[in-house]
Amino acid sequence: MAVPKTIGIETEYGIVLKGTDDPNPIAASSLLINAFLMVREPKSQPRVSWDFEDESPSRDARGETPLHALAPEIETHLVNAVLTNGSRYYVDHAHPEYSTPECADARSVTVHDRAGEEILIESMAAASSMLGDGQEIVVYKNNSDGKGNSYGTHENYLMDRKTPFGQIVHHGIAHLITRQIYTGSGKVGTELPGMNRDEVTFQLTQRADFFEEQVGLETTLKRPIINTRDEPHADARKYRRLHVIAGDANMSEVATYLKVGVTAIILGMIEHDAISRIYTFADPVRAMQQISHDITLKRPLELDDGTKIRAHEVQQALFADAQKFIETHGTEFVGGPVALDVMERWGHTLDALGRDPMELATTIDWVAKYRLLEAYRERHGLEWDDARLAAMDIQYTDMRPGRSIARKLGLERISSDAEVQAATTDPPEDTRAYFRGECLRKWGDHIVAANWDSLVFDVGVEPLRRIPMMEPTRGTRKHVGTVLEECNTPLELLERLNG
Amino acid sequence: MAEREQKKRSGQPAESEQVEDLPSASESGEKLKSDMDDLLDEIDEVLETNAEDFVKSYIQKGGQ
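Just so you know, the protein sequences line up as chains V and U, in that order. By the numbering used here, the letter at position 345 of the first sequence is numbered 345, and the numbering carries on one by one without gaps. By the numbering used here, the letter at position 43 of the second sequence is numbered 43, and the numbering carries on one by one without gaps.
Hints listed in this document are in silico derivations from the structure and should not be mistaken for laboratory results. Predicted, not measured: the structure shown is a model, and the values here were computed from it. Watch out, some of these pointers could steer you wrong.
Stated by the list, open to error - The calculated lysine-lysine pairs, modelled on DSSO-like cross-linking and capped at a C-alpha distance of 27 Å, are:
(1) V:K147 <-> V:K222
(2) V:K222 <-> U:K56
(3) V:K222 <-> U:K61
(4) V:K147 <-> V:K18
(5) V:K442 <-> U:K61
As the list claims (entries may be wrong) - Part of the chain U face toward chain V, derived, beta carbon under 7 Å:
(6) L40
(7) E48
(8) T49
(9) A51
(10) V55
(11) Y58
(12) I59
(13) G63
For each residue, glycine too, the CB sits at the ideal point set by N, CA and C.
Generate the whole structure from the sequences, applying the supplied hints.
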């Protein structure tokens, strides 16, 4: 059986501290986030911190970060904040990271991903007043520095624990490597060891070069296409959280929307065993890179039965299965009405990719970037190894509104500005993020710690009280809105919830 | 808010041929072409002044 596909996206942003000889990315990330918190949520002092209680040490190595590495003039704790919109904003692996709250569909998560961008923009502005003359912190929503270092944009999907993991592996690999034809953000050159930049002047994705395994637990080395981290942040008897590390950060909202919307549908189909064929690639990691390295989308890929298939054909077949799936099963577990719109855009996108990918210059990042770079190359007569093209590649994702090339391209929007602005402070109303966010807004002073599946209250009398939130689809406005409104103190809330 | 938006779109599944989309797609393609020159001018203005140094110094610590 399928479970509702609650979705979230975590983005590690690239960060640069300009105007210094000794840019310390951990210190810069801390300063960035602290500056934001001081401006935006001054009330939440002492700030609500992340609660690591339910996290396994292997998962989270933040505590091992050497604090003496931080510049002395800067706050020496690693920031880890929970915001009233239900999101988490923190320093991770020398990058500022923004995790959206749990969202009930692709549209909602697209709005919240964009709200994350706005929060980073506000953070840069807030930080500027705390920096010395000529210094500036700039963040980039990309996944590679072009020199072999990668940082991730991860998607998370709630899944039924009963679904055999083998099924997720087979179909998940086929989908995740072939969806690159519309989820890729584009990259100049290649960082694949042993491969020359002349061989790949431009590729579909930021990330494909960094994958080495089909399945595994790692996220920072030997990255696997299917990550096996088993940390559901929910009732582990019922749920699994599929942690997808194989995607790019997208500047295009339509690309984000398709990335999560289609994947949610595919995962619902896996839960119902509704995919008609298993595509077993002879070498999935190599196929992932071959797909990324081929902007013509025509390259045949070898399956282990010796036959060949193109990424586009796999996606078309999955799309045909998805149409049947939605006809028979509806959209209840894969995003509701939003799933119908996702289907329409998915079909339209595959049709256009089959005709001429350049038709998608306002919706698909790699196309938008490639088209621009080609035009620029032509105007100035540049070779692909010209530094200006590499600079544009990075600056495509520059978060400064005046400098962001992506924002100058007129990419199609899914969200409205008003929705995005609201999502920087308000949680989604249809997941447990609502409960987390509203409690923080109302009783931030009484919450001593928070994480995805619990809140810890200090109600003024011992002991501290933990409220578990093991059901991601509960704690919605419908479910707790009235209770939250009627309670004046956290103690009242606890009594109501226990009664 | 999201629900209101969704209602507008709760149309039929994607099997129907969206032939009317084609002209508008190529129209926007035309517009893109005419906008491209302006855009390239703007890129020249905002692009990091020393592209080579900028690219060289853009070094990130690896992450997840």
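Going down the list of hints, with the structure as the test:
1. V:K147 <-> V:K222: holds, 17 Å
2. V:K222 <-> U:K56: Roughly 25 Å separates the two Cα atoms, so the pair holds.
3. V:K222 <-> U:K61: Measuring from Cα to Cα gives roughly 16 Å; hence the hint holds.
4. V:K147 <-> V:K18: Holds, at about 19 Å.
5. V:K442 <-> U:K61: At roughly 38 Å apart (the allowed maximum being 27 Å), U:K61 and V:K442 break the hint.
6. L40: It holds, given that the least Cβ distance between U:L40 and chain V is near 6 Å, below 7 Å.
7. E48: Holds. Min distance 5 Å.
8. T49: With a minimum Cβ separation of about 10 Å from chain V (threshold 7 Å), the hint on U:T49 is violated.
9. A51: Hint holds; U:A51 Cβ to chain V Cβ min 4 Å, cut 7 Å.
10. V55: holds, 4 Å
11. Y58: holds, 6 Å
12. I59: holds, 6 Å
13. G63: holds, 3 Å
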